[in-house]
Amino acid sequence: MKRSTKRPLNLFFIEMIISLLFFSISGAVILSVFAGADKKSRAGETLENVIVFSQSVAEVYSLNGDYDETMKIVTSECGKLDDKIIITKDEEKSENAAGTFSKLTLIFTENGRRIYDFTCAAYVKNGGSDERT
Amino acid sequence: MRSYKNTADTISTVGSMLLFLLFAVCTMMIIVTAAGSYSRINDNYTTDFTASASIRYLSNKIKSSEKVELSENGMILQNGVIANIIYFSDGGLYEKTVAAGSEYELSGGNRIFELSGVEIKETEELYKITVNVGEKTSSAIVRKGTE
Amino acid sequence: MNGRKQQKNAGIGVGYITVMIIFAILCLTVFAVLSFRAAGSNDALNDRAGNYLKDYYAADMSAKEILSRLDEIAFELKGSAFFVEGFEEEAGSLDGVSVKSLPNGCTAEYSVSINDRQSIFASVTFFENGEFKVNEWKSITNDTFEDEPGLNVWDGTF
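Protein chains in written order, with the numbering used here: chain G, 1 to 133; chain B, 134 to 280; chain C, 281 to 438.
A hint or two may mislead.
[Stated by the list, open to error] Restricting the straight-line Cα-Cα distance to at most 25 Å, the calculated cross-link-like pairs of lysine-lysine (DSS-like) are: (1) C:334 / C:418; (2) B:269 / G:72; (3) B:269 / G:103; (4) C:418 / B:194; (5) C:418 / G:103.
Calculated directly from the structure, the hints in this document are not laboratory data.
The task is simple: from the sequences and hints, build the whole structure.
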């Protein structure tokens with residue numbers, strides 16, 4: 001008689017323990033999915049900023065063919081990128097009698113991981129800037 | 134003895150109900166947190182999408198136009214016999230296509246993006262596009278393609 | 281017996297927690313999947329934008345290489361009495377460049393493909409004094425309008 005009166009409570013606790021166990025395992029999996037989504041979302045935001053920044057760099061660089069001057073203009077007009085992002089540049093210049101053709105490759109890395117890279121170019125006439133404007 | 138047993142049963146019942154309640158509250162809190170997290174990620178996505186898509190749209194429009202004319206709240210892009218009028222009004226970016234040379238009115242266009250603000254500035258050689266979406270501000274530079 | 285029945289009804293029944301847990305896990309799974317999909321869409325969008333930017337500036341670079349070559353030709357012919365003829369001959373031999381002569385120079389036109397749908401079109405005028413002026417430097421679509429024969433729906437008479 002004594003055992004039968006305790007049974008419902010015991011069942012409740014057993015169910016609770018099993019549910020908690022199941023919930024913990026499922027929760028761990030779901031949490032990792034959430035963390036992954038959050039990481040992806042942040043990475044996407046960074047990449048989006050880098051792409052917009054790259055566009056501005058390419059547009060300004062094509063006018064002056066000078067990396068330092070370009071970065072000065074872009075950072076003053078559009079703001080700086082996140083400090084965690086490191087920009088590595090590779091600039092090649094080839095001169096002919098009339099002007100200088102410059103090729104700029106930028107590599108953006110974050111925590112040692114390459115996130116974006118692109119190449120743009122400029123042609124500047126000797127003794128002055130491109131005559132387009 | 135019977136009274137003691139009744140009291141123990143009552144405590145046990147109330148205890149299990151409290152435990153259930155605690156469990157239910159914790160579960161609800163977890164669901165609300167998850168919903169908040171989803172909402173934040175989705176908002177970020179919407180903001181990023183609107184900001185980058187509108188900047189790219191405006192840049193590509195400028196790059197593909199023969200003549201660009203800036204006005205107070207927008208710009209007029211001419212391409213042959215067609216002129217595209219893109220303007221900001223009432224929390225959105227609007228666009229309409231009219232015949233080139235006709236009267237350009239910044240009204241009656243189709244809403245293409247929901248934005249908080251757009252600013253297009255012109256320097257000697259460049260256009261600077263600034264787009265505000267909520268609290269996010271994105272800026273991009275586009276060079277002038279033609280004289 | 282009556283007491284036992286009372287006790288059973290007063291506690292939390294078996295199964296309520298299981299139902300609640302299943303509901304909670306279902307909710308969490310839906311939110312997690314939606315979040316992941318939203319982040320994934322953003323990623324895909326950025327990838328496409330990034331690739332387009334690379335393609336655009338690769339084409340822009342090719343167009344600038346052609347411009348530098350044309351400018352070199354114009355520079356070599358600078359001040360020459362046969363500037364227009366010489367430029368037309370030399371620039372015209374470059375792949376994809378068409379040249380139109382003007383009274384005081386030549387206009388060179390060419391386009392460089394960005395992808396299968398778009399190209400960069402450049403129109404540059406080179407003057408006899410060795411200077412040049414960019415008339416147009418814009419992206420154009422490769423699609424051409426084709427006038428298809430329409431269906432005769434009504435000839436205008438009753």
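Each hint, compared with the structure:
Pair hint residue 334 (chain C) plus residue 418 (chain C) holds up; C-alpha atoms about 16 Å apart against a cutoff of 25 Å. A hinted pair counts as satisfied when its Cα atoms are at most 25 Å apart, and residue 269 (chain B) with residue 72 (chain G) qualifies at roughly 22 Å. For the given pair, residue 269 (chain B) sits about 32 Å from residue 103 (chain G) by alpha-carbon distance, which is inconsistent with the 25 Å threshold. The hinted pair formed by residue 418 (chain C) and residue 194 (chain B) meets the criterion: a straight-line CA distance of about 10 Å does not exceed 25 Å.
A threshold of 25 Å between alpha carbons decides the hint, and for residue 418 (chain C) with residue 103 (chain G) the separation of about 20 Å falls inside it, so the pair holds.
Hint 3 alone, counting from the list given before, is not met by this structure.
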